[in-house]
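Same order as they appear, the protein sequences are chains A and B. Taking the working numbering, the leading residue of the first sequence gets 103, the next gets one more, and so forth. Taking the working numbering, the leading residue of the second sequence gets 7, the next gets one more, and so forth.
Honestly, I wouldn't trust all of these hints.
The list that follows gives simulated cross-link-like pairs (lysine-lysine, DSSO-like), each with its CA atoms no further than 27 Å apart [to be verified]: (1) Lys218/B to Lys533/A; (2) Lys217/B to Lys533/A; (3) Lys228/A to Lys280/A; (4) Lys218/B to Lys567/A; (5) Lys533/A to Lys209/B; (6) Lys218/B to Lys492/A; (7) Lys217/B to Lys567/A; (8) Lys423/A to Lys152/B; (9) Lys492/A to Lys217/B; (10) Lys478/A to Lys143/B; (11) Lys478/A to Lys152/B; (12) Lys152/B to Lys480/A.
Hints listed in this document are in silico derivations from the structure and should not be mistaken for laboratory results.
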Amino acid sequence: MQFDTQSLWLYLHFPMLQLNVLEQSQVSETQDIDKPRAIYQSTNNQIVQVNQAAFNQGIRIGMGLAKASLLFSDLALHEYMPEIEENTIQQLAQSLYLITSDIALSPPSGIILRAQNMLHLYGDLKSYWRIISYCLGQHGYDYQAASAYSIQSAKLLALQGKTLITEERKAIQQQLEKCTISLSEIDAKDVEKLARIGVHTVKELQKLPAAELANRVSRYSMNVINELRGHSPAKVRFFQPATEFQDFIELIYEIEDLQKLLPVLARSLSKLEHFLYVRNARCMSIALDLLQREESPLKLEFNSALPIYRSSDWLEIIGLKLERTALSAPVYGVELYCVNYEITPVPNDDMFAQKSYHIEGLSLISRLISKLGEDKVKSLSYHADFRPEKCSQLSPVGHKRNKQPSTAYADRPGILLPQPQLLTHQISIIKGPERIISGWWDEQQIQRDYFVGQDAQGQQVWVYKTPDNQWFLHGYFV
Amino acid sequence: MNPILHELQNKQWVWSATCAKQQEQQKKRSTTGFASFDNILSSGFPDTGMVHIGSRQGSGELSFLLYILGHQLDTKDARFWVFIAPPGHINAEFLLANNVDLEHLFIIHNASCEDALWSAEQCAKSGACANVFVWQKNLSQVQVRKLEVAAQRGRCRCFWFDYSQQLQQNLPLTLSLSLQRQQDWIQVGINKQKAGWAKTPVKIPFPLRCKKSIRYTSSESANLQHNVVNLHN
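The shape of chain A in the complex, shown without the other chains (with noise of 0.2 Å):
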């Protein structure tokens, strides 16, 4: 989309975002936080990130390793990942897509907001940046940010680490004619042809004509520079917000015991309740990955009967499963998917209108299956057989089943032993017998002679006889 050289926009630009994102993740209770810690770029062997202990023992962007582990050879080193910064700047644009309207990203760590049409709303500038420079303290990354009227001359000036929130064209252009070119997009060959004919900044840039310049450089560049000299108008695509929800995190350290994880998952997990909580839906099933060393990633789903959206639920669930789950090898990495989530239906009930059960019911069941697993809960389901062991059938709970019976036998012992055992002691017949010849149809064919029996205790049993009499204990009448 394009728009006329008279827009204001607002460039985000975040340095250090892959060792932020690195240090947030982190359980508060190691110390290690402020350990010195780097960020690394092994295509062009370079240090690209460094926090604040590390610059203190001379680690500067832009070092060889060989150097940067001279220096302090303790150095905590991380390999530089774009797809972290880029899932970040994502998010980023999703808490900021609440507050303004037109975001366009500009990866790996930029964001570009378009603050002329949001004056209007805020009234003026500075309330504008008040409330954005508010939600960018709530993720707590480092940014550098500068106003200007084109994209590429704000996104130079955020560069520079010029913090410069104006909507005065002069104060603007005094910084822009300052900054050096070499951080532009300006094509990197283009910039060394303009260093040979003495041009390093932008104030020089601006001196040349343009039919001079167009000469030596490529059109890309060309574009670069007219947009800079406020000629040319940007093109941009602006951002629209995720359908889905994806969230990574890469750990400091490995971690063997799941209940550890915990807390590093609440952190994700609030994301995704916020993610939840704008869009006014729930979600009923998420999916965690857990990226193994030397393994192939374990994925484990959650299910809610419920669908849920607050991360204390979530949490109770997956702390629950993670207890039953065993690792094969230590985890170094989380990934945590909502693909599928529904809108909350507005529920226009009586205050006062009976309690229903059934929300609680619903996660009752949702808490047991997620502890003890699907196959110990079981429903209980009639099925008209004559075998007595056919008639009981366990279901997964919360399956549609058929309507009831109308008829059952009425005189059936409540336990049946899931195996028939061999009767053992003494008993007397109260009631018999009862002969059932049945099944032939699938292979398990019986032919019994049922008897209700009773000890000298008074326990009443349910025993059979088979045609080659032998007799065996079936149920107890309890």
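With chain A held as given, fit chain B onto it using these hints.
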């Protein structure tokens, strides 16, 4: 809430107006359907709390209980009935014959003792269950206390079937019964009850269903009976 206050409330040392309602609930009793049993039970069966039933397995303990509960069935009550760790498969036919709604029922089986008690507590305190039936051998004072508090909180009854024939004294139960089958009678003794004294056992007529010559659960039985030829009766 203030953590101290919270702790005090957990120990039930603070009285609050909501407790009054609960206490009233505790006092609320409903008839068992047997006059003599009501008599020794200080006028009825408790509506909430933990009930211990000591008997031998197979003396009609569950059917006796279901018969009593059948007198109090509220058709609007859609709360769950939960059977936890039964000593075998619960028979659906038997439950149907005792007018138990299979829709609102689930079973937790093959669970370890620890899991069974945990689930019992969760079910009891959730407020979504009307009756929780637990089969366990020996429970400690702490375990019983937990279930009792949970049942009071969730306003449900928690039945503990105990076949061990030996009951530890002074467990914090709402009611403790011992059942003994004597031919067509069940002898019911009260070991302990919250509102009242232990009483001398009473004999209640409770024959097996097969002796009552009721073979089928519904009126449609007539149709079915055409297909069955009774050879021995």
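Comparing the hints with the structure gives:
1. Between Lys218/B and Lys533/A the alpha-carbon distance is near 12 Å, which keeps this suggested pair within the 27 Å criterion.
2. For a cut-off of 27 Å, the pair hint linking Lys217/B to Lys533/A stands: about 8 Å separates their Cα positions.
3. For the given pair, Lys228/A sits about 24 Å from Lys280/A by alpha-carbon distance, which is consistent with the 27 Å threshold.
4. With a C-alpha separation of about 24 Å, the suggested pairing of Lys218/B with Lys567/A holds against the 27 Å cut-off.
5. The suggested pairing of Lys533/A with Lys209/B holds, with an alpha-carbon distance near 23 Å, which does not exceed 27 Å.
6. For the given pair, Lys218/B sits about 25 Å from Lys492/A by alpha-carbon distance, which is consistent with the 27 Å threshold.
7. About 21 Å separates the Cα atoms of Lys217/B and Lys567/A, which keeps this hinted pair within 27 Å; it holds.
8. Of the supplied pair hints, the one linking Lys423/A and Lys152/B holds, its CA atoms being roughly 23 Å apart against a limit of 27 Å.
9. With a C-alpha separation of about 24 Å, the suggested pair Lys492/A and Lys217/B falls inside the 27 Å cut-off, and the hint holds.
10. Restraint check: the Cα-Cα separation between Lys478/A and Lys143/B comes to about 20 Å, which is no more than 27 Å; the hinted pair holds.
11. Of the pairs offered as hints, the one joining Lys478/A and Lys152/B holds, with about 22 Å between alpha carbons and a cut-off of 27 Å not exceeded.
12. Straight-line distance between C-alpha atoms of Lys152/B and Lys480/A comes to about 24 Å, which keeps the hinted pair within the 27 Å bound.
The earlier numbered hints are all upheld by this structure, with none contradicted.
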